[in-house]
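Starting from the given sequences, assemble the full structure and let the hints guide the process.
Taken in order, these protein sequences are the chains called E and U.
Quick note: the first sequence uses numbering that gives the first Met the number 0, first residue 0, plus one each step.
Quick note: the second sequence uses numbering that gives the first Met the number 0, first residue 0, plus one each step.
The set of hints was computed from the structure by calculation and includes no laboratory data.
The structure displayed is predicted, hence computed values, not measured ones.
For every residue, glycine included, the Cβ atom is placed at its ideal position computed from N, Cα and C.
Take every hint as true, because none was put in to throw you off.
Derived lysine to any residue pairs resembling SDA-like cross-links, with alpha carbons at most 25 angstroms apart: (1) U:Lys234 / E:Val87; (2) E:Lys99 / U:Pro74; (3) U:Lys234 / E:Arg44; (4) U:Lys234 / E:Ile65; (5) E:Lys82 / E:Ile40; (6) E:Lys41 / E:Asp58; (7) E:Lys41 / U:Trp225; (8) U:Lys239 / U:Glu226; (9) U:Lys168 / U:Thr186; (10) U:Lys234 / E:Glu66; (11) E:Lys82 / U:Ser221; (12) E:Lys82 / U:Leu217; (13) E:Lys86 / U:Met216; (14) U:Lys234 / E:Ala46; (15) U:Lys48 / U:Pro194; (16) E:Lys82 / U:Ala211; (17) U:Lys48 / U:Lys154; (18) U:Lys59 / E:Ala26; (19) E:Lys116 / E:Ser35; (20) U:Lys154 / U:Pro51; (21) U:Lys48 / E:Gln31; (22) U:Lys48 / E:Gln27; (23) U:Lys206 / U:Gly181; (24) E:Lys86 / U:Ser221; (25) U:Lys154 / U:Tyr118.
Reference excerpt, derived from the structure (chain E facing chain U, CB under 8 angstroms, subset only): (26) Ala26; (27) Gln27; (28) Arg44; (29) Ala46; (30) Asn47; (31) Pro48; (32) Asn73; (33) Tyr76.
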Amino acid sequence: MKKPILLLWSALLFGLVLPAAAHHSAAQFNFQTPVSVKGVIKEFRMANPHMRLVLAVEDTKGARDIEFEGHSLNNLYRRGWRKDMVKVGETLTISIAPRKDGGDGGYVLSVKTADGKEF
Amino acid sequence: MRTVIIIAALCALLSPGAQAKDAPPDFSGIWTWFGSGPGRADPTAGWPKEPPFTKEAQEKVAAYRALVAPRGDTPGGHCVGTGMPGSMLGSGGYPMEIIQRPGQITVIYEAHTEIRRIYIGAPQVDPADQVPSRNGYSTGRWQGDTLVVETAFLKEAVDQAAAHSEDAKVVERYRLGKDEKGEKLLTAELTLTDPRFYTRPVTVTKKWRPLANGRMMLYECSEPEWEDHLEALRKEAAPK
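Here it is in structure tokens:
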């Protein structure tokens, strides 16, 4: 899993992994074992220093809203994100570094929209 | 005929080739790191994992790290730039823009829009008039094709890998070259000297290549908090 490790290093190096509201680092996420999550977009905010995403997810634990965070607007733009690519109400599949404490949420590594666009 | 000769002579004088003979190299442009693209680690600028800290530095850095460890707080998470030398060593994951004119070279690091002004040939500022800051005060001079930049008046910083005291002095030596493929390459050797925090100077080398699309982006970091604040105000103002 070379890519997630590089992303983590970048994140730690620049302190960029910190959502403005939470102000914490990437140390809480496990970048060694990415997992896939699918859900309906309830909220999406592309911003610096972090993007924020809320998905309505239904799995073995039940139906609930889960908040995720990810890289910055600037970095994700350079990795292929464009305005209006992610729309509230649509289904999204994401690869995340899950929380080390096993709780809901995680750090978004990649995104695939319902119509197949990826970044 | 005479007019043609005069125009030709003027053109020759004003052409970039004619100016380049005596002019220093032009570092202007948008630079990204030598690594493999945005968001990727840069293999060219490794600050030592165990820097040769003095006892004072060890204690201060350990105290800071213990303080922020529970929540993993960082300056960047609070929309604060890294400061020198971290701003320079980290640049490239987010691009760096250099704007060059004879008396001043301006360096803009996209992340947190950190700006450094490198004054060349400017009168010295009385130290009593200097205010220490995260990126300090930089002066530059040309040694042949090499730009030598000296930075001082830095605020003490324990919140970056290259922690340093207010006594720190940073010297950078920039030069243009080409990589093994013959493509443009900017290289800088950076030395941090700080007897209060380091038992010996630390030197690292950093490389950048031109950014493919050559475009900087705005890095507006505290906008989400402002938007949240506005939203809270709207809710407060809404009829109950």
